[in-house]
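One line per chain: the protein sequences are W, F and E, in this order.
Numbering (our numbering) for the first sequence: 22 to 644.
Numbering (our numbering) for the second sequence: 77 to 419.
Numbering (our numbering) for the third sequence: 231 to 587.
The reader is advised that the hints may include incorrect statements.
[As the list claims (entries may be wrong)] Derived coverage of chain W by chain E (criterion: at least 3 residues anywhere in the stretch with Cβ under 8 Å from a Cβ of chain E; other residues may be distant): (1) 139-147; (2) 198-212; (3) 257-271; (4) 328-337; (5) 347-358; (6) 411-420.
If you are wondering where the hints come from, they were derived from the structure by calculation, not from laboratory data.
Heads up, the beta-carbon is just placed ideally off N, CA and C, and yes, glycines get one too.
Residue strings, one per chain:
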Amino acid sequence: MSPRRRLPAMLVTGLVLFGLMVALGILAPLIWGDEADALTADIRQGSSGAHLLGTDALGRDVLLRTLVATRLTLLMALCATLIAVVIGTLLGAGVVLAGRFVRGAGARTIDLLVSYPPIIIALAITAIFTPGVVSVVVAIGVAFCPQFARLTNTLASSVSARQYVVVARLLGSGRTRLLLRHVLPNISAPVLVLSSVGFATSIVSLSGLSFLGLGVQQPDYDWGTLLAAGLRDLSVTPVESVGPALAILLTGLGAGLVGDGLAKHWEPRQSVRPPKLRRSRGRQLTVPPVSTAAPSGDREVVASLRELQVSAGGAPLVRGVSLDIAAGEIVGLVGESGSGKSVTAMALARLLNPSLTWSADRLRINGTDLQRADLSAPTSLATDLGVVFQDPSSCFNPALHIGTQLTEVLRVHKGVPRRAAEKLAIARLREVRVSSPEARMHQYPHELSGGMRQRAMIAMALLSEPRLLVADEPTTALDVTVQADVLRLLHQINTERGTAMLLISHDIKVVSALCHRVCVMYAGRIVEEVSVADLRAGRVHHPYTKALLAASPGEDADRRTAPLQPLGGRPPKPGEVGNACSFAPRCPLVMPRCLEEDPVLLPDPDGGSAACHAVDSELTVAR
Amino acid sequence: MTAPSTPSSTLPATPQPVLRVDRVSAGYGSASRSARVLRDVSLAVAPGRTMGIVGESGSGKSTLAKVLVGELAPLSGQVLLDGADTARLRRRQLRAARRNIQLVPQDPYSSLDPRMTVGRALAEALDPGASLRRADRARITDLLETVALEGDAADRLPHEFSGGQRQRIVIARALAVQPKVLIADEVTSALDSSVQAEILNLLLSLQKQADLAVVFITHDLSIARYMCDEISVLYLGSLVEQGDIGLLRSPSHPYTELLRASVPDPSGAMFDTEPPPVVAADPGDPANPPAGCAFHPRCPQGPRVVEGRSICIGTAPPLLPLAGQSGRAAACHFPLVRAGTPA
Amino acid sequence: MTGPETGVRTTDAAAGAALTVPAAGPGSEVPETSAPARHRTAALWARYLGRRLVGVVAVLLVIILLTFLIVRFVPGDPARLIVGMNATPDQVEQVREDLGLNDPFWQQLGSYVSGVFTGDLGESFVNKQPVTEMIGQRLPLTAQLALSALAVVLVLGFLLGITAGMLDHRGRGRAFTSPFTAVTSLVGALPEYITGTLLVYVFALSLQWFPVQGGPGFESMLLPALAVGLPPAAVLARLVRNETLTVLSQEYMTTATSKRLSRTRLLLRHVLPNVVTSTLTLGGLLLVALLGGTVITENVFNISGVGTAVVQAILRSDYPSVQGVILVLGLVAVVINLAVDITLGLLDPRVLSRRTS
């Protein structure tokens, strides 16, 4: 990424429009000032060569008058915006710096003021002073103060609560320095953006008041008064309104575009684009890929996935994952963030975000073929498959009762009557040890604690007695004791009901505690598949799996005698993966071959498989 | 299972603590309607030593961190730095004292000013009063090298770095001040496991170099075990157990034991024994904990499981030294006694 | 559970025991039984409404005070402004006496406030009509316009916004998104008086489908309602589109998708309530701003509502009428805000327990 970013087209267009208007404002009165006031006998003429936009009731040229009016209109809008921005910012930011009481009361007062329509505040002010240039500028300026006050207030209080301000305070920076160095720079951009939007609003509102006759008075004129005159003559010379209307619109639009463009330009994260993708085309597989099939062939397979490919805008997230889950089996998918483990699970459950594209040679759950990416998933999935998500605080709909959400699948897909469905749900909540389940049914998700919510989520997933449960980081957001409880619950469900599970986790300890078989994912592929017994014993082949084990503090890790072995570097971003082994840059065993050819999964003697050239000899021996 | 705790006799005599926390209570809200979330917490950390603060959400860990760095004034009790009460210091001394305690916050994404280059952020740490433009480039490069970053990182903005790199920058910034105490608040919980080890080892080696006293706040017991010399266990704002790192292997308080047993054990042994389901009850509100021992509604050895333990409901147990275990204290009417340890 | 019988029993007993855990205080997250839960909801509503009503009363008092002060703030002598420069000092003095301008400040305020509460807002300087009567005659028309505009805003804004959001989310909106953004930003930037002028020219003068003059009845109200409603509808549509996209990307929508519900059910049950909530939180101001648009548009279409009245009153220095209309508009704004807050509370129970607005 080059340090100088290109300005957004919006901003450029806005600035050009705006610049033109300012130039007009400066020059037009000098050039055409007298001509625009010249009375002629051509009263209320339509568009002609002499008068492109016609003439008004006194025979003056509307085009020239519109151009000349630019200066007054812009000046008024500028002054009004300045009043609003300066007073508003002082009020809003000042309140934040004041003591706690003033801060609370001030914010509430600003809130109340904001909820009052500015145009009516402006009307009240123009009523006090006689209508005219000054009164209308003051009226609009004051009327929009609360909005700026509110904005700066919210911004300043959110910035001053940020962690980096706290840290800077610890470093010994004083209050003024904090304000100048951290708070103001971080709010100046949005304030400027809002100022240009405010300028657009000012133009529109000022012209509106002038249009009503409450603003600029004869013989002065601005766009609003010209438009009012145009409206009076609308039936005779409709073209008379075009000039001022266009002028107001273009200026407003220009200022608005500048605002939006600035907002886009200044958002640092938005500007980071993913690097250009290097497509790995025509990759030849030397050995046919091994599917990580269930170890015991005699058991029924509840889920089967072959050669899953998922990509986001051309960048591959999952690159050829194959996976079978047998009835009653718990399979773990482990990997770091961005390894594609959640995407794989969501693809299996047909819950991928629609903006992602995917394909698979086979995708079956419980015998149902789900392979066609373009068809929506059949409703039988709702009962064949239960899903538990990571964050129990966000996976319940906040607007619906727990009971409504729990019983929905039963009622919609199985036609169970409401009472019966509720009874079943309560029984299931009791089974997963949710306390006072009857009361929970009538509560909203936010009224439950995190652990309760996750248990309710599991109850919901189990309600239709699915054969397969997909659990995507089900304990990551939970406390340790709650995590242990949920893991025990999952274990119990598996042993008592024989529910097969696909458990996604970044924590290799969680996976090896609960699962029967573990697949390690790296950069969108399964790099190793291992039985849990081998994983626990450390009998793993792939250097990445070894590194994961060595980096996670276990029972015997000791900072003096057995320090953790960190894994340097970082995983590749989607799209950075070429023909080479994606782990090669971080791999201690890297060989020239690794940079030329991506290894495929090969079976090992223990019944697992691994994809690594460096350990090929260990693997192929079995054949 | 129970490994013997490190014999303290083999260690050099513990030096004088640099940071002492003496019966600190803290909370939020106005004076009239305050919600106390931290009650009577005491601890001491010596140079070169690490005190681990362990507990779940609502235990008061983050509140304690805020009190330690001076972001939140304690309602009662004292925070003593080098023997001086930080609440009684005058402005200038306070600023110096504050610089002596530095914080590495949890989220490396929000703890760097997005509009300030890394070099300037470090320059601010070196001398907050000076102009950031004329900062000492050589020292900044040095600092970046101590955390294994290239010198040219100084001219880049935070969003150009990965989470692990950002956390290293934050650590470099905290160490630029040459503090005596470092508060590490869940420093690795936002990072991937392979990066986690890197940050932990970096902290350890930097601590060794500077003889830092570290307060290491974490919810992850295995990380605490790796990083710390001593442990304080918090439950709903109160200390329930305190002592050397050995307490994590052989806890005396039932809550510590519950925490220990909850760490996912790769062997899957955690499924062999089912704990009494009381532990699954909701912990309750930290601002308004259950009467008596705050843990009693969930305690597997408490009044809901064992007959005749009504004292746990009526009386809050004080934090008392445990007989026969030097330096260990627990707040429990019925501390666990283990085979092999004298009762 | 199908585990060993004894195990099951202990589980249940213990879960039962957990019920009797002393409930934590009022700030607690988890009420234990359903009856207290219902009480709690009622208590939350009481507190929520109580806080809002305090705000309403405060704003009303401020509005009453400010409208009263309009006359006090007038530079120079309001009486002189009313009777004109050619009047004799006696005439001026007479008007001062009529207006009560010679009374002490507090007495004036007192009689104004008591007038407001008894429905006596004085009489117009211009035609001696009681202000209450004038507002009574004109307010229904204004209300009709504002409500029609509200309908335009809500129907257009939500329909367009949700459709755009859904299309965009499914990745089919590529061709649709840029025109949508362009059109909505253009229309959203159009002031009511320009929309109004344009509508009059096209539909009233050129096509002659609708009358130029606005008034009661569908035909004469349609153009004004569109003039007031179109720009905010465009803004709302953008807002709704963004909120729809946000809601669709929430995890609970993935949960809902995992239930394989019909598209209609997904939309009505799971998407709409959340979109309405978040849109109202952000867009409540838009509804209040409709009032301002109504005032201006009445003047374009020459509708005899309170908007035309207040403009004429300001131009003629008819202070009692100005005070009356602004007071009433303020009242309406307060009522709209309250209605928005109550709707929010009904739609999203979480706002009830939130500390500040």
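We went through each hint and held it up to the structure:
no., hint, result
1, 139-147, "holds (count 6)"
2, 198-212, "violated (count 0)"
3, 257-271, "holds (count 5)"
4, 328-337, "violated (count 0)"
5, 347-358, "violated (count 0)"
6, 411-420, "holds (count 8)"
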